[in-house]
Amino acid sequence: MFFDAYQPESFFDEMFYQDGSVRPHYNGILERMRELNTETFDQKCQAVDLSFLRQGITFTVYGDADGTEKVFPFDLMPRIIPSTEWTFVERGLTQRIEALNLFLKDIYGEQRIIKEGVIPAEYILSGKHFCREMMGLKVPRDIYIHVCGTDLIRDESGNYLVLEDNARCPSGVSYLLENRQAMKRAFPNFFPGAGVRAVENYPGALLKSLQYVAPMEKENPVCVLLTPGHFNSAYFEHCFLARQMGIEIVEGNDLVVRDFKVYMRTTSGLQQVDVIYRRIDDDFLDPSVFRADSNLGVPGLVNAIRAGNVNIANSMGTGIADDKLIYAFVPKMIQFYLGQDPILGQVETLFASEANQYQHIISNMDKLVIKATNEAGGYGILIGPKASKSEIEKFRALVKADPRNFIAQPPIMLSRHPTWCGEQFEGRHIDLRPYILSGEKTTIVPGGLTRVALNKGSLVVNSSQGGGSKDTWVLHSEG
Amino acid sequence: MLSRVADSLYWMSRYIERAENIARLLDVNLQLQLDFEELDDKKLKAYWEPVIRAAGEEELFYEIHERANSRSVTDFLTFEARNKSSIMACIMAARENARMIRDQISVEMWECLNQAYLFLKSKNALNVWESGPYEFYKKIQDYSHLFLGLTDATFSHSEGFYFMQVGKFLERADKTSRILDFKYHVLLPSIEDVGGAVDAVQWSAILRSCSAFEAYHRQFVSAVSRDKVHEFLIFDDHFPRSIKSCVLELDRNLHAISGCPLSKYSNQAERLSGQILSDLKYDSIEDAFSFGLHEYLGKLQNRFIAIGKAVYDTYMFHPRLDLAAEIAAQQQQQQQICEKPF
Amino acid sequence: MQFSLRHLTQYTYSDSVSDSMNDVHLCPVSDDLQICHEFDLRLDPACRVIMRRLDFYINQVHHFEILEPHDRLSVEAISRVETFEDTRDFRVHSSPAALPELKLSERFYDFLSPSERVQLLPRVIHEIRELFPGGLVEVQATVLRIMNFIYSEFIYDTFATAVETPFEQVFHERKGVCQDFAHAMLAFCRALGIPARYVSGYFYLEKGNVGTAEDNTQSHAWVECFLPAIGWVGYDPTHNRQVDSSYVKIAIGRDYTDVRPLAGTFRGRATAQLEVSVKIDPIVPALPPSLG
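Residue numbers (this note's numbering), protein chains in the order written: chain A, 2 to 480; chain B, 17 to 358; chain C, 276 to 567.
Hints were generated in silico from the structure; no laboratory data involved.
Take every hint as true, because none was put in to throw you off.
With a Cα cut of at most 30 Å, we get these calculated BS3-like pairs of lysine-lysine:
1) A/LYS71 x B/LYS155
2) A/LYS71 x B/LYS100
3) B/LYS155 x A/LYS45
4) C/LYS378 x A/LYS106
5) A/LYS71 x B/LYS154
6) C/LYS378 x A/LYS401
7) A/LYS71 x B/LYS137
8) A/LYS45 x B/LYS137
9) C/LYS378 x A/LYS333
10) A/LYS116 x C/LYS378
11) A/LYS45 x B/LYS139
Work the whole structure out from these sequences, hints included.
Written as C-alpha cells, this is what we have:
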C-alpha cells in the first residue's frame, strides 16, 4: 500500500526500475514494509526523533541566539547497496585516496606533478589551502589524509560519480553509526536474515589508523581528539568518537607545548600526547603560526609537529586536495602516480580562471552549477537551472571578481530514493558519503552516510540546508 | 584525568545538588505560607525577601520585579535564567558541564540531565508549575535523585566519581548551613513568638527543606525546637544532609582522590576538611550557641569556600598559572611587534 | 668585501609575558654572490633549544621558545659575511618573450602574483600603462626605468609609515622607507609580468657617500627581479642603484610578511617596546707588515 502511488519519474530511482518493478536487492525490505501501516510507521518515526532528542544527538544552529539544538532529520527507509556494486565503489575510493595522499606528499616535497606539467603551478600555489608551512615537512608513514569523506552521487544512468573529496575534517560519521542504532531499535525484526554488513567497527578502525601514524612508530601512543569546544556544531560527534575510541577529548587549553613536545594537563600533572585527531581547521591550530586571534588552538603545535614529536590527523595543508579546482585533476593524478585508469568517474569541471572557459560559464550560468572552490557544507553554490535571476546576477558578479575562486559543472540529476514524507513515500534526491580511513591499509566502513534532500525537487542535501539522512545497508550478497 | 574534566565533573555535581536544594527550599516555603492567615503585601515581602537575600540576588530581582511576593520570587528562583541561582540556571549549568565531558560520563547520566533540561525548557514545565508547584518541585528533586542513583550505578567509582562526590557534599554541607541560617533572617511577628507555635512551624519547615522531618522525629521524640534542629542538622552522625555527615563524606572522597590515608593529609583541601571534621567531632551544640549560631554557621560557610578553592588549586591548578588565568592569558595571545627596515 | 654584522633586537614588556614563540629570519644566505662564514644567535633569557629549518623560499629560519615569564627579551644575531662582485654580463638583451611561460613554473608563480603587501591596484596598472605605452620591450631597461621612477616619485620619509601601514596608503601618499619603496617596485614589476621578489638584508654605505641618515645602523630592503638571459638581479629603489657587493642578503619572499626579521606571539597583557640596533662593519684585510 505504501508504494502504490509511487512514481520513479524520469530519475534514476534506487529502489524501482523505470517500469515500476522493484529492484531485487529491495525485495526483502519491500515485503517487510508491506506488513506495516501508515500509523505504525509514523509512530516509529516519532519515536526515533524523540530518542535522538533525548540522547542529545543534535547539531547547533549557528546564528541562533538561543543556541537551538536541532535533530538531524532521519528517514526510516534504508538505502540498500548490493555487494558487487559496493566492491566496485570501494576499489574506486581506495584508488582515489592513494592518489590523493601521493599528491600531497609530492606537492609538499618534490613537486614532480608540477614540474612535469600535469597540474599548472598556478592552480596549486594559488590555492587558499595550500600550506607553505608544510613544505619539506615529513609526515609519519607518508599519510596526509587519514580520514576522508568523499561525496558520491549517481547520475541518470546510475553511475557512481565523485562529487567532492572532503580531505580536511569531514564530519557526519556519528550520524551513520547512530542511524544504524536507531534502525535496529525501530525495526528489530528487519535485521536478522537481511544480510546487512555491520558498520560498528568504525571507531576501532579509526583508532588503529591514528595509532599507526604515531611519531617514530611509537607503540601504544597516546591519542587525543582535539575539539574546538562544546559550542561547535559537531561537538556531539567529537564526544561520541572519543568515547567509542576510549581516548581523551581535549580543547586547546588542555594542551601545552614544552620543548617541542605536546602535553595534556591532567589532575596528576602533564602527560605527553603522541597523536592528535584534530577537528579544528588549519587556521586555528596554532595561533603562533596561523591566526594569532584564535584561542582554539595550541601555541607551538606546528613546531612540535615539525620536530617530529607529535603527529596530527589530518595533516596540515590537506585542504589543497579538496580544492574544487584541484578536484578536476584527480583522474590525471591517478594516472600520474599509480599508472592506472580511474575506477570512479567524476563530474566534468570548467574553470572560470581559464579564458576560453570563462566566457562559456559567464554566458551559461542559468544552465550550470557554479561552485566556489574552497567552500564546504553546501555554501557558495549556485544551481543555475533552479536559481532566480537575481541569484544568478549575484554569482555572475562574484565569478567576474575572482575567477580563480569558481568552477562550473553541468547539473547532475542525483538519483532518487523513496523517502517518507508524512503520508506516503515520495522520491527524494540522495547522495552518499563513505568514510575512508588510511592506515596500515585503507579501510572503508560499508556504505556511508546517505544524505537526502528532504525538500521536494531540491538537490541540496546538507544538514544546514534542509537535508536529512538515511541508514545505508551494504548487503553481504546481491540481495 | 584531564583537569578540565575534573573541574566539569565537580561543577556538574554541585549544580544539580544546588538545583535540588533550591527546589526543596521553595517547595517548603510555598507550603509554609499556606499555614499563615492574612498575609498582606508587607508581610509577604518580609516573608520572601530573605529567600532572595539568601540567594544573593537582591539587586537583579528588583531589576526584574517590582514586588517580592510568592509569585515573583518563586518565578525568579525557578525560571529566571539571568539569575545564576535559579533552578533553570543550575540545570543549564549542570547540563553544560556535562555536555563538555559527555564522552566521560555514562549515557544514562547525560540523558537524565538532558531530560531535566528539556523538561524545564518545555511549555509543559510551566503548566505543571501553574497547576501545582509541589508536583513541579518534586519532579526537580526526582531528577536530582535519579541522577545520583544513575551516577552510583553507571559511573565507575574512581577518580571522576570522587570529584563528583566532593562537589556534591561540599554543596550540600553549604546549603544545609544556609538553610539553617535562613531562619535567622526570617522575622517573627513579634518577640513573644519565639518558641511559640509560629516558631515551631517555621523550624519544621526548615527540617522539611532538608528532607529531615522524619529522620528528626525518629531521633527526637520531643517537639521541634530551635536547639534540637540545629543539633540535628549540624552534628548528627548519620543523617545524610547534616553538615557533619557531609564533611565526613567530603573528607573521605578528598582522600580517595589522592590516595592519602584518612588520618593524614597530602594537600590543603584535605587539611582544611580534616580540620572542619575534627571541629565538628569535638564541638557540641553548646559550643555553637556560645559562639553565636549565625556566626558559627557563617564561619563554616567561609571554610567551605576555602575548601572549594583548595580543591581547585590542587587539581585544576598548574605550575605557574591557574586554569582560569591561563585561559584569560591565552586570550591575551599577542603578536610581537615587528622591526621596520629603513 | 667582508662584513661583520650585529643585529640586536630588544623587547621590553610592561608586564611579565610567557610562552613566547618566535621565528627569526636573521641568518644571511649563502649563494653565488655571498657566503655567510659565521652566524650566531644569542638569546636573553636563554633558550634551551633553537630549532633551525628552511622555509618555503629556502631561507634559514631559527625558531625559539621562551616559556617562563619574562619582561624583556633580547635577540642578538652576529654574523660574518663575504660578498663578491657580480661578474655576469649585463650587456645581453633580456627579452620579454621568455616571460609568459615563467608563470607556469612553481619557482616563479609566487613572485608574479599579488601578495598580502603587494597589490596590483588599479592605479598601479594605470601608471604602468602610462610609463610603458608601447608595452614591454627589453626587461632590464624596463626594470631600471621602474626603479628610477620610484626613486624620483616617492619621498623618503621615516615618519610617514609604520611597519604595518597598508600598501594602498603607501602607494597613494608616495612616502615611506625602503620597505615601502620595495613593495611599490614589486607591484610595478609583477604587473608587467616580470618576476620580482622582496629581499631583506643590510646595506653598507661608505663614508662620504650621499645616503639616508639611517644607513649602516638599520636593516634594509630591496627587490630582486628576474631578467631572462641573466637571472635574478638585485635593485635598490631607495638608493636608485643596482645591488652590488656592499649589500648583504638575509632572506627573500613575496613581500615583507614572509621575511620579518623576528615574528612571533606571546601570552600576556603587557604592551611591548621594541628597540633595534644594527651595526655593519667592513672587515679591512690586514695589510702585509712590510708595506706598513
